[in-house]
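Sequences listed follow chains H and B, in order.
Taking numbering that gives the first Met the number 0, the leading residue of the first sequence gets 0, the next gets one more, and so forth.
Taking numbering that gives the first Met the number 0, the leading residue of the second sequence gets 0, the next gets one more, and so forth.
Accuracy of the hints is not assured; some may be wrong.
Claimed, not checked - DSS-like mimics (lysine-lysine), calculated; alpha carbons at most 30 Å apart, straight line: (1) H:27 with B:2; (2) B:161 with B:100; (3) B:2 with H:116; (4) H:35 with H:116; (5) H:84 with B:189; (6) H:15 with B:2; (7) B:237 with H:177; (8) B:100 with H:84; (9) H:35 with B:79; (10) B:237 with H:16; (11) B:237 with H:35; (12) H:96 with B:189; (13) H:96 with B:156; (14) B:189 with B:156; (15) B:2 with H:139; (16) B:2 with H:96; (17) B:79 with H:84; (18) B:100 with B:156.
Said to hold, decoys possible - Non-contacting residues of chain B with respect to chain H, defined by C-beta distances greater than 12 Å in every case (computed): (19) 19; (20) 64; (21) 70; (22) 82; (23) 100; (24) 114; (25) 115; (26) 128; (27) 140; (28) 164; (29) 217; (30) 221; (31) 244.
No lab work stands behind these hints: they were computed from the structure.
Remember, it's a predicted structure, so these values are computed and weren't measured experimentally.
For every residue, glycine included, the Cβ atom is placed at its ideal position computed from N, Cα and C.
In case you want the letters, here they are:
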Amino acid sequence: MSTPYYVSPEQIWEDKKVFVDRGIEQAKEVIVLAYKDGLLMVAENPRRTLFKISEIYDRIALASTGRVSEYEALRVAGIREAEVKGYTYYREDVTGKWLTNIYSQHISAIAQAWDVKPLEIELLVCEVNGRPDVHSQIYKISFDGTYEELDKFAVIGGRAEAITESLYETYKEGLELKDALQLAASTFESIESKESEPYQITPETIEVSCLDSTIGRRKFRRFSVDEIAEIYNHAS
Amino acid sequence: MLKPHDYATTDFLQILRSRCPEQVANWNQLNGLQQEYPRNFLEGTTVLALVYNDGVIIAGDRQATEGYQVGERRIQKVFKIDRHTAIAVAGVAGPCFETAKLFQVQVEFYEKMEGTPLSLEGQANYLASLVRANLSLVMQGLVVLPIFAGFDLKQQKGRIFKYDVLGGRYEEDAYYSIGSGGKDARSTLKKLFQPDMTEQAALKAIVEALWDAADEDIATGGPDLIRKIFPTLTVITKDGISDIPDATVAELFQELVSRLEQG
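This is chain B alone, in the form it adopts within the complex (with noise of 0.2 Å):
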């Protein structure tokens, strides 16, 4: 039965914790455990935003990691949350996703309800307490982190947000880059990284970051010219959110790998 003047509220997190609480992750559960849990279950590794011109890119590889073993290939990290944010994920896949799915349902939720759509900042910070939710399952060594990016209208310009365990929140005004190939990937961008880049030196930079970060880290998957499967690039401007199509990452990466191979 309906019941319209019941849960007047615009957190759909809280409408799910007293409609069905089956369907909310409760890792509170794991607190007796021991430290030797089995460990097969799947780790995603590097994602990363970088801000240029027109705005922002958030990006990912595609694989994701069960132990020493390739777990997945085809594995999707970057995820729409509404016309202008994005968010990428790194660590524990199945937490992972279901921090994105219920970020972006709550976003939504909360567009609908209102008629308005959630601000930047009031994503990035609900965000917040999404990741310190989960701060249980980081005291067992199951880390879920996300980089929040977004096209911010009221300030015409991309914006990135990262997070630590504990729910901190923090700003970073270019680029950020997390997970197992975070700090490689981090290295490259910093090397080339300029204010104002264009999209197609933006989308140069982080093809290259991607690339030392799968060179270097064993976990983190680089181009697979074989099975054609290429990490997601997502652009995010003023206009809206798209993905790069594969043939234009594919070029990108044909075209350093011959940079590379000239030396």
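The following block holds chain H by itself, in its conformation from the complex (with noise of 0.2 Å):
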């Protein structure tokens, strides 16, 4: 009989967090910024179906990385969660802070299974007008279920550390949309430059949205490639 083999706690967590760490290397950023009206959220993504950026509810946006068919079925989720409670009670009970509870549940209770693998993923919960004090809230959620709350920018994805490093030199309060989407855009330029030859952005090869809450109810818009490009020609 063979005697079964001892691996430690911190073994366990720390062959999970090399594995994740994996799968997150290769994932593109999102960026997530605080501009005059709301979040503008900015993702490399030249895909025109397959978002990393999407609506959950009226003054809540995701912005997620990793692996599609892992962060599509969270994101489907939550929509669904969202809808249940704010038809149930109020709109306005719906907030970044409860959907993200719900996000944290779940893939920290996958993560500290012991038969499935962890999810290889990141999210930003984003969100508007939380509360009449409150300008803009994005909660980042790791793989392992654990989140911090941020209110300037964000950014997950493989190169989330040099981009916020960056970030911090060069992030404004009050910025324009056309400015933060011009220093998003840079930021992304620049971190790609230092690896290889000059990289250059084009509306065709992101994907942006935002978060504005000086509009109606509905706070999310997707910006189209035509429109993309009108607000870069004007920041250049």
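Using the hints, put the two standalone chains together into the complex.
Given below as structure tokens:
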């Protein structure tokens, strides 16, 4: 009879972390920036139907990176939970913090289970006008379900750390939409250019959405390639 | 606990039925009741829609009656559904509003899940099933009926759909009106309607139709100049959906009144 071998909890956790890190390393980044009227969300994504940024509810959007099938299931589940809650109680009772908790519980349960692989995703739950005194909130959820609250900007994806560092130097509060988009695009460019020759972001290669706190009930807006090009031209 | 792979459907009503059935009205409970039910519930009255050259206008008065009493003076009977569609409801107020709310959530839910809006025809068909779900209410004499109007981005024109209580769905190509004053409003629209009307002409026709409905039908509310309550007029074009401001509606009615005074 063979003796079952012992693996320490630290080692199991470490292995899972390495496994997820390897998956996320290749994931394209999403940048979320607070601008004058709300939150701007920019992803390097040339696809026109498989989105990384989506509307969840009136004031809430989800930015995700990693495995598409995994975050897509969470996106759909989030919309469903939000709609059921909003229908049962009141639309304003659906909040980013509540949704973040739901995601966090689910993701951490999977990360802790011994017989399933952890989810190779990172999420940003974005919300505007959560409270009268708060302009916008971003909740960053990691593979193990832990999350943090951010208010100025947040980045997920392979080179999130490098981009965050760069944004610490370049980010300014109260940016216009066009300047915020310009900042996100040039950050992508500078990060990419360091590794190879000059790299150019064009309207066709990025996905851009915003939560605009100044528009009606549904704050989410997705920009078409033409609209991105127009904002872009104004900026440069 | 989140169950991402359950209920993989774009039908919100189905999710509601399985997740929280207490949120979905079950009118079948009414079937055992006698005909002599108390009539202390609100009923909405006249709503209408009219196609014009840039799209469609959907409108309704603001009054709800409770038997022979005015039950509510500021009720809203026109509901925006998405960026290019709206419904107006007539009949028993409670179930009317519930149908409108459910319809609006369903259409938006579909759009978010699929990443593309539900087509105008798709919306019109889905609404038919919601109307049919109220059939046992109808058997008690409690009618809930909508008019559905929207701008069809594919055909580039305004379209109107009317319904019957069995869920029948019929398209009208010019105008339609339902509710207790619906027939009166319809006669006026019949006289005033022309193909390719301008927005101004369409608004004038609607205001006159609502006036006539309020004049002939005791349940329909006219413009309330003292409380400053005016009917809802909602315009839908290719650019989106918007309400005509109260001040403009007030002017339209004043114009109509001075025209009527002159004979």
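Hint check against the structure, violated hint numbers in rising order: Numbers 4, 5, 10, 12, 13, 19, 22, 23, 24, 25, in rising order.
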